[in-house]
Amino acid sequence: MVKSAIKVVTLTVFFMALIAALPVVPVFAAGGGGGGGGPPGEDQMRPSPATPAPDSKARHTNRRAKQKQPGKQSLFDDPAFALGYRAAYATIYDRNDYGAAIEQLKALGHDDFANVANLIGYSYRKLGDYRLSQIWYERALKSDPNHVLTWQYYGLWQIEQGNREQAQYHLSRIAAICGTDCEHYRSLAAALEQPPGTGLVY
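Using the numbering used here, you'd call the opening residue of the sequence shown number 271 and step up by one each time.
I should point out that these hints are in silico values taken from the structure, not numbers from a laboratory. A hint or two may mislead.
In silico BS3-like links for lysine-lysine, alpha-carbon gap of 27 Å or less [claimed, not checked]:
hint, residue 1, residue 2
1, K396, K376
2, K412, K396
3, K376, K412
Build the full structure now, drawing on both the sequences and the hints.
Here it is as structure tokens:
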């Protein structure tokens, strides 16, 4: 019992230190009203509660707290995964090296994890490969239909493709997940308010 308590305290301290060390990037600067998987807040690095949750202040997460099922581990509980994810995240948001980030994310071996698939989709979008970007966004949503950051980034993808009605649908999905006051909703709504043909910088 004491050993279990010590393990829990040790893990808690480790993850709090990990979260505290994450860079905070403003939402609009991160690339699309939340960056593309980056920390528009820190939530972007965090999977939605429905998925194995890496960070729990969820940017990539929905705002509705769900209880973790007993015995279910988060990928972010694996220190190697957490470090690799953070490195890829920094490659995207600090260095804007999207090709290298794709390789780092794929090397994690969890392509179907919503946070990973979303960042791969974002990286392909930033490289201008909209076809592959779409595939990865859809893979992220298949993994976690409530992954709010993917709805946001995929909504930006829709706007860039001229699909404003689809982007409006994505906005409604975000509203259903985290409400109209969350940063993901506000970011995509702001992008939709821009006149068609306006070059997005997300």
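Hint check:
1. The suggested pairing of K396 with K376 holds, with an alpha-carbon distance near 17 Å, which does not exceed 27 Å.
2. Between K412 and K396 the CA atoms are separated by roughly 22 Å; this keeps the pair inside 27 Å, and the hint holds.
3. With a CA separation close to 17 Å, the supplied pair K376 and K412 stays within the 27 Å bound.
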